[in-house]
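> The residues making up each chain are set out below.
There are 2 protein chains.
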Amino acid sequence: MKSCDLIISAPWVLPVAPENAALSEHSVAISGETIIAIGLTDDILQNYSAADHLKLTHHIVLPGLINTHCHSAMTLLRGAGEDQPLKAWLEETIWPLEAAVMNDEYVTLGTQLAVAEMLLCGTTTFSDMYFLPEKVAEVCLDIGIRAQLSFPIIEFANAWSSSADDALDKGLALHDQLKDNKLVHVALGPHSGYSLSAAELEHIAEVGLRQNLPIQIHLHETAQEVADAHQSMGQSWIERCAEIGMLGSHVQAVHMTQVSEAELKLIADTDTRVVHCPTSNLKLASGYCPTTALREAGVTVALGTDGAASNNRLNLFAEARMASLLAKHAGQNAAAATAQEMLYMATMGGARALGMESVTGSLEAGKAADLIAVDINSLGMLPMYNPFAALIHGDAGNAVSHTYVAGRALVADGQLTPDSITNLAQRVQSWHAVRRPI
Amino acid sequence: MKSCDLIISAPWVLPVAPENAALSEHSVAISGETIIAIGLTDDILQNYSAADHLKLTHHIVLPGLINTHCHSAMTLLRGAGEDQPLKAWLEETIWPLEAAVMNDEYVTLGTQLAVAEMLLCGTTTFSDMYFLPEKVAEVCLDIGIRAQLSFPIIEFANAWSSSADDALDKGLALHDQLKDNKLVHVALGPHSGYSLSAAELEHIAEVGLRQNLPIQIHLHETAQEVADAHQSMGQSWIERCAEIGMLGSHVQAVHMTQVSEAELKLIADTDTRVVHCPTSNLKLASGYCPTTALREAGVTVALGTDGAASNNRLNLFAEARMASLLAKHAGQNAAAATAQEMLYMATMGGARALGMESVTGSLEAGKAADLIAVDINSLGMLPMYNPFAALIHGDAGNAVSHTYVAGRALVADGQLTPDSITNLAQRVQSWHAVRRPI
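Residue numbers (the numbering used here), protein chains in the order written: chain Y, 1 to 438; chain C, 1 to 438.
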């Protein structure tokens with residue numbers, strides 16, 4: 001009999017590895033931060049004695065979801081500037097608002113709200129790209145959520161950096177601070193091709209390769225971006241990135257609503273990772289990422305919510321459902337983008353995109369205990385013919401009962417546990433009452 | 001000082017009439033089944049004394065939503081036969097399953113589950129099209145939800161009717177029974193052009209006109225349906241319906257994913273109502289209803305979930321969000337399909353489609369007290385810049401605290417009140433355990 005800290009038992013366990021397995025009456029044994037065994041509940045209980053045993057009687061246990069693209073603090077701008085064309089939305093609403101509210105308190109509170117919302121919906125890892133990433137790191141470490149912080153690199157002066165070089169200096173300093181941290185990692189976050197000079201973009205590509213750092217970049221978000229690139233430099237941003245070493249398995253290309261066949265081949269040949277943000281792309285009328293073609297070419301595709309200002313939610317289950325529905329529609333094939341495939345995209349797809357697949361994304365002995373439980377007794381999920389469909393096409397984001405990150409319960413019985421994010425509704429309302437910019 | 005039964009006060013009231021009004025610190029006064037006044041809370045409290053006063057401190061009050069197309073009992077088939085092409089889904093899964101489970105218990109329990117789910121998500125009126133409509137009527141009357149029952153008329157023998165004539169006889173008998181009922185109305189439900197003979201379809205059109213009955217029909221759901229019609233009869237089903245008097249303000253054309261310019265003109269000129277079921281159309285890869293073009297032509301467009309077997313949810317707020325996102329995407333215009341317009345579509349649009357606009361669909365003195373309250377303290381809806389956006393792009397379907405139909409609270413503080421639908425989860429699981437067809 002081996003001892004461990006926690007056993008979680010459930011009628012259904014979907015480990016994602018192997019990809020399509022649905023295990024009934026299984027248990028997960030956890031020691032410290034790590035999964036040490038998965039097996040039939042009878043076997044696990046015979047072989048392990050645990051300090052705690054969480055017996056879930058009407059739940060699906062699965063890996064925590066991975067939200068691969070977010071601008072977290074923008075939760076505080078949720079619902080501002082609705083139904084505007086993209087240019088007016090950015091220039092008349094978002095940028096002036098950000099300028100008016102940007103400070104430590106805004107980033108801290110907005111990130112707390114985002115993390116709370118993500119944990120309640122079953123997300124255990126997210127990637128952020130926002131100003132004052134030092135504050136974002138503090139929030140993540142305080143709460144205990146896993147994160148990649150892609151610090152924003154932009155040519156022009158902004159609330160965090162005076163130039164691209166300044167952003168690089170500050171971001172790499174944050175990387176130095178965090179380089180031994182198990183939960184929070186730093187990545188390079190060049191905002192986009194068009195918001196950096198040619199030399200700056202090349203320099204960032206070179207830093208990524210030299211320092212072995214992941215790079216997350218908005219790439220081919222709109223047709224306009226691609227048309228402008230062709231006009232100003234005679235090639236697309238994907239082609240430019242290929243030339244300067246900014247494609248590869250360490251690069252996370254976000255949005256990708258415009259991809260020619262030749263560009264798809266470049267992405268596939270370099271094993272570049274693609275982040276699909278379906279809701280945001282629809283809401284801003286940016287287009288649609290051809291996920292089926294990318295996946296058929298062997299490309300790892302992950303899912304992101306984007307910021308709450310263009311979504312307005314941070315519910316990755318909702319993105320997985322949207323990704324499935326849009327792929328069926330776009331391909332005129334009801335059999336496309338199965339629930340199993342979308343669950344993979346929302347978990348291992350995200351882990352692979354972030355280079356974290358040895359740590360999280362599936363339930364396997366040796367990986368971190370990043371896992372969630374979904375209550376299948378909710379009326380909108382009954383009856384249960386197919387646990388994959390219940391998760392993806394039911395309303396699983398509103399039925400998450402437990403969220404564990406590295407073995408710690410951050411949501412238990414549907415309630416957030418970390419002290420710093422209780423009473424958030426009241427704090428957000430107070431902030432809004434005082435700071436309300438519009 | 002006038003007396004009334006109930007006053008509901010809230011920081012926000014969105015009455016939908018006038019269409020874009022957002023009233024702050026308003027109250028609704030209700031007497032029996034009817035709204036008798038709406039005004040500033042201070043004024044209402046000065047002029048009305050109520051037996052009950054519901055003081056909502058962090059809520060939006062608005063008209064109940066109208067789910068204009070559903071096959072309710074199919075909730076019990078939710079999640080069966082996922083990710084199949086349409087033909088296999090129908091022929092290999094849905095039809096054999098229905099044949100295996102169809103009986104009074106299935107229709108009663110499945111409809112109860114559907115109504116419970118809809119009430120919890122803020123729907124106060126729905127239109128159903130399913131076998132054994134007498135059982136559906138019993139459930140609706142028992143619970144007290146408003147409904148249109150479009151009884152299914154199909155050429156071939158099925159669990160309810162032996163022929164189209166038999167369906168008409170039974171359905172019209174149900175209509176006779178219910179013709180003085182305030183909550184539940186009967187409509188003609190010819191399944192589709194292709195599932196009836198030419199003579200039968202003409203006969204139904206004639207019955208509709210003669211008896212002044214609404215008609216709901218699946219029309220142009222798929223490209224295949226349109227192609228087949230052109231091949232077999234040299235015209236589309238819309239054109240055929242125009243010839244036989246089956247277009248008009250009493251006709252609810254469901255799906256409409258294929259609409260030529262000439263057909264759009266026929267729909268607009270006859271004031272035919274269109275029911276958009278965006279999620280179901282995507283999930284079955286049927287196509288997309290051109291809602292913006294229809295609305296610009298003056299057509300009343302309403303929203304439906306379709307049955308849970310092809311959705312898998314009955315959350316009309318989710319359909320309103322999907323309708324907005326798809327219209328922005330299809331029109332390549334982020335300013336299209338505003339939250340205000342989608343709220344209208346989900347309320348007055350539905351009421352107009354069902355011919356119930358004098359009774360429900362907006363909060364106005366004299367109309368039925370069909371209204372809901374949405375809790376805006378939920379983390380995913382904060383902060384509150386814009387109540388329309390919070391409802392449509394937040395997750396309002398999961399934040400409904402109260403649902404009133406004709407002045408009766410069917411959901412209070414997030415809990416269902418009718419006795420017959422408490423303990424539903426257990427009853428559904430028991431049914432599934434015993435009857436489970438796959």
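Keep in mind the hints are simulated off the structure, nothing from the lab.
Ideal placement from N, C-alpha and C gives every residue a C-beta, glycine not left out.
Hints are supplied without guarantee of correctness; some may be wrong.
Okay, the calculated beta carbon distance ranges per label pair [unchecked claim]:
1. Y/Glu-105 with C/Gln-415: 48 to 54 Å
2. Y/Ser-162 with C/Gln-224: 56 to 62 Å
3. C/Ala-293 with Y/Gln-231: 27 to 33 Å
> Which of the numbered hints are not met once you compare them with the structure shown?
1
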